[in-house]
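**Student:** Residue numbers (our numbering), protein chains in the order written: chain E, 5 to 439; chain G, 508 to 809.
For the record, the hints were derived by calculation from the structure and aren't laboratory data. All values reported here derive from a predicted model rather than from experimental measurement. Glycine included, each C-beta is placed from N, C-alpha and C at the ideal position. You can trust all of the hints, since none of them are fake.
Coverage of chain E stretches by chain G, computed from C-beta distances (three or more under 8 Å per stretch; other residues unrestricted):
#1 87-97
#2 105-114
#3 254-265
#4 423-437
Listed below are the simulated DSSO-like cross-link pairs for lysine-lysine, each with C-alpha atoms no more than 27 Å apart in a straight line:
#5 E/Lys86 x G/Lys567
#6 G/Lys567 x E/Lys226
#7 G/Lys559 x E/Lys86
#8 E/Lys106 x G/Lys559
#9 E/Lys226 x G/Lys559
From the derived model, a few chain E residues whose C-beta atoms are all more than 12 Å from chain G:
#10 Gly53
#11 Ala146
#12 Arg159
#13 Glu178
#14 Asp285
#15 Ala371
#16 Asp389
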Amino acid sequence: MKKTLMFVIILAFLCAGTMLFAGGESENAASGEVVLTIPHYKAGQNVGGKFFLPQVERFNKKYAGTYKLVIEEIPQDSYQGKIKQLAQQNKLPALIEGADKKWFQDVVIENGLFFDMADWFNSHKAVKDRAIQDSLDYITTADGKITSFPLMVARPIGLFYNSTMVNFDKPVNEMTVDGFQKAMGDQKLAFMTAENAWTTSLFFTSIVVEEGGAEMIWAGVKSPVSDYTTGIWVRSFEKLQDFLQNNASANTLGAAYADAANSFMSKNAAVIANGPWMMGDFASGSEDKWSNGFTGDQVTAAMYPGNMAIFNPTGYFWWVPNNISEEEKEAAMAFLEFIKSPEELEAFMLVEGGTAPNLTASSGYRAKLEENRLLNEMDKAVNADTVFVPLVLDVMPPSVASEDFGRLLPKLIDGTYTPLQFGQELSRKAASALE
Amino acid sequence: MKEGGGMKKKSSVLNNKSTTMWIYLFVLPTIIIFAVFYLVPIITVFATSFTKWDGFNPVKFIWFGNYIKLFTQPEFLISLKNILLWSILAATVHVGFGVLIAFLLYQKPFGWRFVRSVFMIPNIIAVAAWAVIYRFFFNNDFGVLNNMVRIINPSFDVAWFYESPYAFWAITFTWLFYAVIVTLIVLTDLMAIPTELHEAASIEGASSWQTVLKVDMPLIKNAVGVSMILSMTSRIAMYEAIALTSRGGPGDDTMSIPLILVNAITNMKYGYANAAAVAMILIGIAILFIVQKSFKMNEKNS
Chain E
5 MKKTLMFVII LAFLCAGTML FAGGESENAA SGEVVLTIPH YKAGQNVGGK FFLPQVERFN
65 KKYAGTYKLV IEEIPQDSYQ GKIKQLAQQN KLPALIEGAD KKWFQDVVIE NGLFFDMADW
125 FNSHKAVKDR AIQDSLDYIT TADGKITSFP LMVARPIGLF YNSTMVNFDK PVNEMTVDGF
185 QKAMGDQKLA FMTAENAWTT SLFFTSIVVE EGGAEMIWAG VKSPVSDYTT GIWVRSFEKL
245 QDFLQNNASA NTLGAAYADA ANSFMSKNAA VIANGPWMMG DFASGSEDKW SNGFTGDQVT
305 AAMYPGNMAI FNPTGYFWWV PNNISEEEKE AAMAFLEFIK SPEELEAFML VEGGTAPNLT
365 ASSGYRAKLE ENRLLNEMDK AVNADTVFVP LVLDVMPPSV ASEDFGRLLP KLIDGTYTPL
425 QFGQELSRKA ASALE
Chain G
508 MKEGGGMKKK SSVLNNKSTT MWIYLFVLPT IIIFAVFYLV PIITVFATSF TKWDGFNPVK
568 FIWFGNYIKL FTQPEFLISL KNILLWSILA ATVHVGFGVL IAFLLYQKPF GWRFVRSVFM
628 IPNIIAVAAW AVIYRFFFNN DFGVLNNMVR IINPSFDVAW FYESPYAFWA ITFTWLFYAV
688 IVTLIVLTDL MAIPTELHEA ASIEGASSWQ TVLKVDMPLI KNAVGVSMIL SMTSRIAMYE
748 AIALTSRGGP GDDTMSIPLI LVNAITNMKY GYANAAAVAM ILIGIAILFI VQKSFKMNEK
808 NS
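The following block holds chain E by itself, in its conformation from the complex:
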C-alpha cells in the first residue's frame, strides 16, 4: 500500500513538473514573444562576455514582449564544433557568430544553409553603409547573396607593455623587430604554447611581416598555406625561436591564455600581444587580477614593430541559418541590427576598442574616448602608414592553427627542432589536414 502511495506521489510530481514546463512554453507563445535560445561562448568567465551579456540584456529590455534572446554558455573551444554538429542535425540556432572559413564555404554556402541578407540590407541602407567594404565584399557571393553580417568595427590588434618595466625611447611601431628585442633587454614577453598559442601567434605575425610575408599572409587567408619551409617562414621561425628562448616569460611552456595574462599582470612579463578587449583587465574594478605591484595605469598600448597591426576583415561573422521560421529570422536580424546600431557600436568601441570607419562618431563618444587613456593610445598608435595584416593562424588549416602550432612550439623552444624542421613538421601537418 505504501509502495503504491509512493508511486502515485512520484507520478503526481512528474505530471506537475511536466505541466509546469509546458506552461512556460505556452506562456511565451501566448504573449507572442519570440524567444531565441542560442549557444555562445561570450558568457561566464569569457572576456567577451563582459560586454556581450549586458548588450543582450539591453536588447531584451528594448524588445521586451516582442523578442528575447537567451544565451546558453558554451566553452569557446567547443563552440565551432557544436555548430558543425548542429548543422549536420539540421538544428542550427537562430544566430551564430563566426565560422571556419572552409567549412562555411564548403558546407554552409554550398548547401545554402545561410539566410541571404541581401534583401534585408537593401531595405536597411543605413546599416549597410556602416559596413567595412572589404568585409562586405568578402561575405558577398558571386551571385550577390550576402552570407553573413559584415564587420563595422575594425579592431587592430597590437600589444601592451608595462612602462615601469621597459623604457622605450621611441614608439614601438617605429622600431624594427630586432630593435624591439634590443630595447626589451632582459625583459620578457608573455608567450603561450597551450590552446592555440594565441599571444605567441600574434607577435609571430609581426615577425613574419617584417621578414616580408604580408602578401603571403593575405594570400593565405584565401587559400590555406601548406608549405612552411620557404625562406620567409624559416627566417621567421628562427626569429621566433630566438624570442622564445631569450625573451619568453618563465611559464611559457604550457601557458594558456590565462597564464599569459597572469604573467603580464603580475609583472613577470613586460609585454603581452593582445587585442583591445584586454583593456578591461587594466581598468579599475579588475584589481583582483593584479599582483606583484602591477596596476592598470602602468600599461601602455602600442602596435607592433614595423608599424604593423593585426586585422582580418576576411571572415564570416554573425550569420543566420535559413531553416528557421520567418519570426525567428526577424528576431535574429533585429538583434544584429541592434548590436550594429551607432549607439551600440560606440558602446562596444569604448569597452573593447576599435574604430568604425563608416560611422560618424557622436560628440559623447569622442569625449569618452579622450577620457580613456589606453583607448586613446591605441587609436593614435594606428596611422595612415600602418600595415594591416591577418593573423598567421588564419592561413593555417583549422587543426594546425588550433592544435599543432602550439603543440610543436615546445620543441622549437628546447631546440629539438631547428627552424627548418619546425617548418617541415608544420608543412606535413598542414598537408595532411588539407589533403
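Starting from the known structure of chain E, arrange chain G on it as the hints suggest.
**Tutor:** For chain G alone, coordinates are given in the frame of chain E:
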C-alpha cells in the same frame, strides 16, 4: 498407456517451443538495443572509413585511401608506440598494483573497508577533472611536485607535460596507480574462493605464499585477465587525460589515436576519423584475443 505417453511427449515439445519463443521474446529488446546503438554505428564507422566525407556533402568512396594515409602518418606510428608502452605498463604495474591491493584487502586488516572506500574516490571523479588536477599538480611554477623537489634542489625546472621525455611519464602517472576497478574485480573473485580450499592447503602444510600462488592465483586468473583487458583497452581510448594536459605534445610525443580522430573531425574528414576509429577497434580486438589466449580464459577451471 501408449496414447497417454504420446500426448505427454507432444505437450513437452510444445512446452519447449513455447519456452524458446519466450526466451527469444525476452532477449529481443537487448538485441534491438544492441543493433541500434552499437551494431549499426560500428557498421557505419567501418563503411564510412573507406570514404571521403565532410559530414555534409556527398560521400566519395576511396577504398583504402584513409588507411594508407593513416598508417603512413608519423603521429599514428607514435600513437601505436605509446599504446604499446602504456598497455605493457597497464598489464604489469597497473594491474599488478590493483591485484596487490586486492590481496591486502582480502586479508581484512583493520580499517580495510575504509581503505577500500578511499581507494574508490579517484574513480568517482571524472577523468577530465583529474586531468585538470594533474595539470596543477605538475605545474612548473606552483605545482606541488616541483615545489617539493625545489626544497632539495632549488633550481629544479621541469614543465612535466610540455617537455620530452617527461610528458609521456606525466601522462602515465595520471592513471597508473588508480587501479580500483582491478582491485574490485579481483577482490570479488578472492571473496568467492571457498574457505575449504584454504583449510585443505593449510592441512597439507602449504605456506602463505604457496597458498597465494597455487590456490588463489589460478582461481582469480580470469579476473586478472578481465582486468588486463579493461585497463589495456582503456589506454587505446584514452582522450581526456591527454587532451586536457599535453594535448599530444610536445611535438607528437604523447599522441594517441583518439586525438588523431578528433583532429580529423576538426578538419571535417569524417572518413579519415572513422579509419582511426576502426584502427582503435581492431587494436582492442587484438588485445582481447591475446589476453584471452594467454590466460586461457575460455577454458573451464579444472
